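Chains G and A supply the protein sequences, listed in that same order.
Read in order, the letters of the first sequence correspond to residues 0 to 246 in numbering that gives the first Met the number 0.
Read in order, the letters of the second sequence correspond to residues 0 to 318 in numbering that gives the first Met the number 0.
In case anyone wonders, no lab produced these hints; they're calculated from the structure.
Quick caveat: nothing in here was measured; it's all calculated off a predicted structure.
Glycine included, every Cβ here is placed at the ideal spot set by N, Cα and C.
There is no bait here: all hints are sound.
Straight-line alpha carbon distances no greater than 20 Å define the calculated SDA-like cross-link-like pairs of lysine to any residue that follow:
| hint | chain 1 | residue 1 | chain 2 | residue 2 |
| --- | --- | --- | --- | --- |
| 1 | A | 188 | G | 164 |
| 2 | A | 314 | G | 231 |
| 3 | A | 209 | A | 286 |
| 4 | G | 144 | G | 48 |
| 5 | A | 292 | G | 226 |
| 6 | A | 315 | G | 237 |
| 7 | A | 180 | A | 67 |
| 8 | A | 315 | G | 238 |
| 9 | A | 188 | G | 166 |
| 10 | A | 292 | G | 16 |
| 11 | G | 225 | A | 278 |
| 12 | G | 24 | A | 138 |
| 13 | A | 277 | G | 217 |
| 14 | A | 317 | G | 231 |
| 15 | G | 50 | G | 189 |
| 16 | G | 244 | A | 314 |
| 17 | A | 308 | G | 240 |
| 18 | G | 221 | A | 277 |
| 19 | G | 144 | A | 241 |
Chain A stretches covered by chain G per the calculated footprint, using a threshold of three residues with CB under 8 Å from any CB of chain G:
| hint | segment |
| --- | --- |
| 20 | 92-99 |
| 21 | 182-188 |
| 22 | 278-290 |
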Amino acid sequence: MKILVCVSKTPDTTSKIAFKDGNAKFDDAGVQWIINPYDEWYALVRAIELKEKNASITLHMVTVGGADAEPIIRKALALGGDEAIRINADSNDSFYIASQIAAVAKDGGYDLVFTGKETIDYNGSSIGGMVAELLDAPYVSLATKFELNGTTATVTREIEGGEEVNEVALPAVVSCQKGVAEQRIPNMRGIMAARTKPLKVVEPVAVDALTSVVSFELPPAKAGVKLVPADNVAELVRLLHEEAKVI
Amino acid sequence: MSVLIFIDHADGHVKKASLEALTYGADLAKQLGVAAEGLLLGTVTEDLAALGKYGISKVNQVSNEALNNLDAQVYAKAIAEAATATGATVIVFSHNQTGKAVAARVSARLKAGLVAGAISLPDTSNGFVVKKTVFSGKAFANVNITSPIKIISLNPNSYKITAGEGAATVNQLSITPDAAKVKVTAVNKVSGEVPLTEAEIVVSGGRGLKGPENWGILEDLGHALHAAMACSRPVADAHWRPHHEHVGQTGVQVAPNLYIAVGISGAIQHLAGVNRSKVIVVINKDPEAPFFKAADYGIVGDAFEILPKLTEEIKKIKG
Ligand SMILES: Cc1cc2nc3c(=O)[nH]c(=O)nc-3n(C[C@H](O)[C@H](O)[C@H](O)COP(=O)(O)OP(=O)(O)OC[C@H]3O[C@@H](n4cnc5c(N)ncnc54)[C@H](O)[C@@H]3O)c2cc1C
Chain G
0 MKILVCVSKT PDTTSKIAFK DGNAKFDDAG VQWIINPYDE WYALVRAIEL KEKNASITLH
60 MVTVGGADAE PIIRKALALG GDEAIRINAD SNDSFYIASQ IAAVAKDGGY DLVFTGKETI
120 DYNGSSIGGM VAELLDAPYV SLATKFELNG TTATVTREIE GGEEVNEVAL PAVVSCQKGV
180 AEQRIPNMRG IMAARTKPLK VVEPVAVDAL TSVVSFELPP AKAGVKLVPA DNVAELVRLL
240 HEEAKVI
Chain A
0 MSVLIFIDHA DGHVKKASLE ALTYGADLAK QLGVAAEGLL LGTVTEDLAA LGKYGISKVN
60 QVSNEALNNL DAQVYAKAIA EAATATGATV IVFSHNQTGK AVAARVSARL KAGLVAGAIS
120 LPDTSNGFVV KKTVFSGKAF ANVNITSPIK IISLNPNSYK ITAGEGAATV NQLSITPDAA
180 KVKVTAVNKV SGEVPLTEAE IVVSGGRGLK GPENWGILED LGHALHAAMA CSRPVADAHW
240 RPHHEHVGQT GVQVAPNLYI AVGISGAIQH LAGVNRSKVI VVINKDPEAP FFKAADYGIV
300 GDAFEILPKL TEEIKKIKG
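With these hints in hand, go ahead and build the complete structure from the sequences.
Have a look at this one:
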């Protein structure tokens, strides 16, 4: 059994969001980079748990990014897994990225591909679905629980106002979110071991992007809060009813 | 040439998120000077012709009960076939749970560029530029779709539903879906609650409420407002509330008309999930709580005193 986990580098959740070059690019000055939390806390940790239960599982991770993504991959390897693959390309077109991952996934013959439910910077929630389509494999998105049973998996996924339990044939692609696993902190042994784990760099396959980012913008600033005294709750209700017209 | 809008449904009914997508798709078709058509996979109990009031001229249906369960692979193939059969140049989804499972697959299948999480109509004056949320609601990106066929998946609660007059024709498509590789073995819905991502009003509690035993007064407010319930991450982590209520950068992202935050400090990761709400009300005993900077209205005070009064005042106007 072979599992591939897709990991992506994203700005830390506390990063100040600003843009440069006439709002064409994210301003990464002073930004700390982390592994996308959904990839790390849920997808990767669940895959590691599966491998801990069944040592015959091979666990690889893959990222699409430049050499500056390597510290993030080493950190992912410190949590667990056997090997990482970096596809040496930079893009924010989901189809381009997914095509790269699908090429690696096809070559490696993985039974299971995990992604996070979305990245916290681009919020596309698209990579898993695209990879699945390119592999002609089933896809279960927004998983909150995942169990392996031989050649199938039982996956609980989020639906509006609840959850649905799915039985899915492998090979399959699954996008993971909260519930699938609990965040782990890498320990010293893991960090040492990660230094010598293989990190393969492969060149991208030729694919045309289908989208391009023209510009970024920040939301308009709020006008400022209107405070209502605690002993006049009725006034708040009046404002919401008559001024904001939301109740 | 047409705009094809995917119509999602559950329990025999078209979802509210799809009514937004229908209105959006109809407005987009008008902008492009082409027809707007809907596409429904599976069966519903309501009258499909009536969906014409959202501005579409035709509803295409693949009336096969096997399609009432989602298998994204089966769906994507059927949608791609329907798009080709109807000559669609733009396909619109809601960026809800189903849209997230399916739109990306259709995009890869048709090599049609996708903007996921769109919030407004495209700017077609120079290309096909769609605005979407990025950085978990902290910013927007304007993304140009360069492929001949374009796919937009619209963030729930970002486009106002407008219903007028009119009936759509209903057209049965003869598409035979593949056998599903995903079997649905159980569905657990929280009954009687408003789904968080569809709610117009969200009432949310944080660690300031001290413990799960105190949630009653917040739920009373929620009921009075017909609101969905939400919470901050530590509240879900401590199992005071179920995980699906956790909003924020690493939880559910919501954009209701009204978000009422009680006993929540307003950490940047929390704000990322709620800052697209149209109106934010903050109730917190600490005047320095960062949430007040992101709020429209606020009360500095003790939640335990304020909440019962607030519920009472709201019941008065709700009659
Ligand atoms: C990578 C990462 C991702 C994260 N993702 C999320 C996320 O998605 N969502 C999220 O919510 N958090 C997230 N967090 C956590 C976030 O940083 C905060 O820790 C969290 O939001 C705080 O929750 P809280 O406001 O409920 O609690 P606290 O910060 O403890 O705030 C409690 C508030 O209640 C007020 N209060 C106390 N008593 C009363 C009273 N009687 N009446 C009125 N007010 C009272 C206090 O003044 C205080 O402001 C994330 C953190 C990290 C590092």
